[in-house]
Amino acid sequence: MTQGNGTDSGLAVELRGLRKSFGRLEVLKGIDLDVRHGQVVCIIGPSGSGKSTLLRCVNLLEQPDSGSVKVNGVELNDPDCDLDTARASIGMVFQSFNLFSHLNVLDNLTLAQRKVLKRGKAEAERIGRENLERVGLADKVYAMPSQLSGGQQQRVAIARALSMNPKVMLFDEPTSALDPELVGDVLGVMRSLADEGMTMLVVTHEMQFAREVADEVLFMDGGVVVEQGPPSRVIGDPQQARTREFLRRVLNPVHANE
Amino acid sequence: MAMSRRKRGQLARGIQYAILVIVVVVLALLADWGKIGKAFFDWEAASVLFPDLFTVALVNTLVYTALGFALGLVMALPLALMKLSSIGPYRWLSTIYVEFFRGVPLLLVFIAIGYGVPPAFGIKFDNYSTAALSLGLVGAAYMAETIRAGIQAVPAGQIEAARSLGMTPLRTTATIVVPQAFRIILPPLTNELILLTKDSSLIYLLGLSIDQLELAKFGRDALNETKSLTPILITGLCYLLITVPLSYLSRYLERRTGRQRDRGLEVEA
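Listed in order, the protein sequences are those of chains Y and A.
Be aware that the first sequence starts at 1, since it is given in UniProt numbering, and climbs by one per residue.
Be aware that the second sequence starts at 1, since it is given in UniProt numbering, and climbs by one per residue.
One chain only, chain Y, in its complex shape:
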C-alpha cells in the first residue's frame, strides 16, 4: 500500500458541494472529495448509490446541477473553461470498454493523440505502441476490437487513455462487464499503474483490489459519502452500520440473506 507521495502541491481532484438530480431523483446530495497527486481513491457502494455519477462528474460527462469540480487546479464547471483541453488530461475507462469499433487497436490509440494533442503520426504510433506494451498486448496492434476478449478490450481502453498522458485516471467499474477469469489481467494493469504513482479514482466492486491498492476508500450510499478513510479502516473495521451491512453482502454473498 503506497501512501500519496510527498511532492504534491495542490490537489489533483477537488470536488465541493456536488449535487446532481435526474428528474426528481437526487443522485448526489452534496459531495466533497479531495484527491492528492499520486493517490489512489476507490469508491465503493451499492448500485444506485451515485458512485458512477460522481465519477462522471469529474470530467463533466455528467453536468452537476451545482457545486465545484476542480481538476489539476482548473475549475471545469466554469463556463469559460476549455472543457475539451481539460478532458484530454483526464483519462477515463468505462465499464463497457467503448473502444471505437470501426478502428483497429493502433488507430484507437492514436486518433485522439493526433486530433486533440496534434501529435505527428510517427510520435503518436510510438506512444501508442509503448502503452500497448505496458498493458501486455503488443501483439494486438492491428486487431479489430471485435476480435479481442473483454479483458483485452479493457486493457486496450486503458492504453488508449494512457496515450494521452493523463494526470488523472478515472475508472468506472472497469471489471464489472468481464468474465471472472479475465478480471485479474485488468486489475494487474491497474495495480502497476498505481505503483507507478498514477493518480486514480476507481469505482469498483473489487474489495480485494480496494483493500490492497487504495490509499483511501469512500463508501457511498443514497447520494452521500457515508464513510471515508484508509481501506484498513473502511473495509477492515467499518464504523457505520450501512457500511458493515454492504460489506457483509459483498464479501459473503452466499450468506447475505440469512
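In case anyone wonders, no lab produced these hints; they're calculated from the structure.
Ideal Cβ positions, reconstructed from N, Cα and C, are used throughout, including at glycine.
Fair warning: there could be bad hints in the mix.
[Said to hold, decoys possible] In silico negatives: residues of chain A with every beta carbon more than 10 Å from chain Y:
no.: 1; residue: Val56
no.: 2; residue: Thr146
no.: 3; residue: Pro179
no.: 4; residue: Leu206
[Said to hold, decoys possible] DEER-style ranges, computed between Cβ atoms:
no.: 5; chain 1: A; residue 1: Leu84; chain 2: Y; residue 2: Asp82; range: 22 to 30 Å
no.: 6; chain 1: Y; residue 1: Asn252; chain 2: A; residue 2: Pro155; range: 43 to 51 Å
no.: 7; chain 1: A; residue 1: Pro155; chain 2: Y; residue 2: Asp32; range: 27 to 35 Å
Following the hints, position chain A against chain Y.
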C-alpha cells in the same frame, strides 16, 4: 383418429405442393403459347436492340441513377444531422424537406424540375442535371431518414469515449459517429439505390435525344418500332441485371454488419 404430428405436417405440405402444381398446369394450358412466343420471344425484334441496349440505354440508366444517388447522399447527410440538431429551426427545416419530398410523387418533381424551375431562375438544365436533381432531391429525403436512424443506432458509449479523450462534438461526429453510422446504413442505402434505378425511368418525360435514352424509354421506342413486346422483356431483364446483384450485395452487407454486432454484443454484454 390418431395421426402423428409429423404425418400431419407432411400431408399439409403435400396439399400445398399439389395446389401449386395444379395452378401452374392450368395457367400453362390456358395460355396461347403461339401468341406469347410471338409477343415476347421474337428474335428478329430483339435484334434491333443491339448493341445500343448496352452501350447507350444501360449506360445511361446507370449514369442517371449514379448522379441522382450521389447528389441525394450528399444532401442527405446534412439533412440527417439537422434533424438531430438541438437547434429548433434546423430540425424544422429538415422535417419540412423530408415530409415534402417523401410525400410528393417523383413524377411531379421531374416535371417541376424539367419545365418549371429552370425558367423561374433563368437558367437551363440539360437532361443529366435534371435527372440528377430530381432523383437527388427525392432520394435525399428517404436517405436522410435512413442516415438519421443509423446515427441514432451508434452506441452512446462511443460518443462518451471520444468526448472523454477531449474530442470536440464536431470531431466526434466526423470521425466516430458518421463512419459507424454508415456501416449500419449500408444495407438500407443499397435498397435506396435499387429504388432509384427503377425511378430513373421517369426521365422519359423530358424528351430525350437518341444518345440520352435510358432502358425503359429505349424499350418502349423499340416496342413502337417492332410492334413486339420482346424489347420490353429484354429491357426488364436489364433492370434485373442491375438490381438483383444490388439486392444480394445488400443482403451480404446486412449479414456482415449483423455478425459484427453479434460479436460486439457478445463481449460487451
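*Tell me, which hint numbers fail for this structure?*
3 and 6
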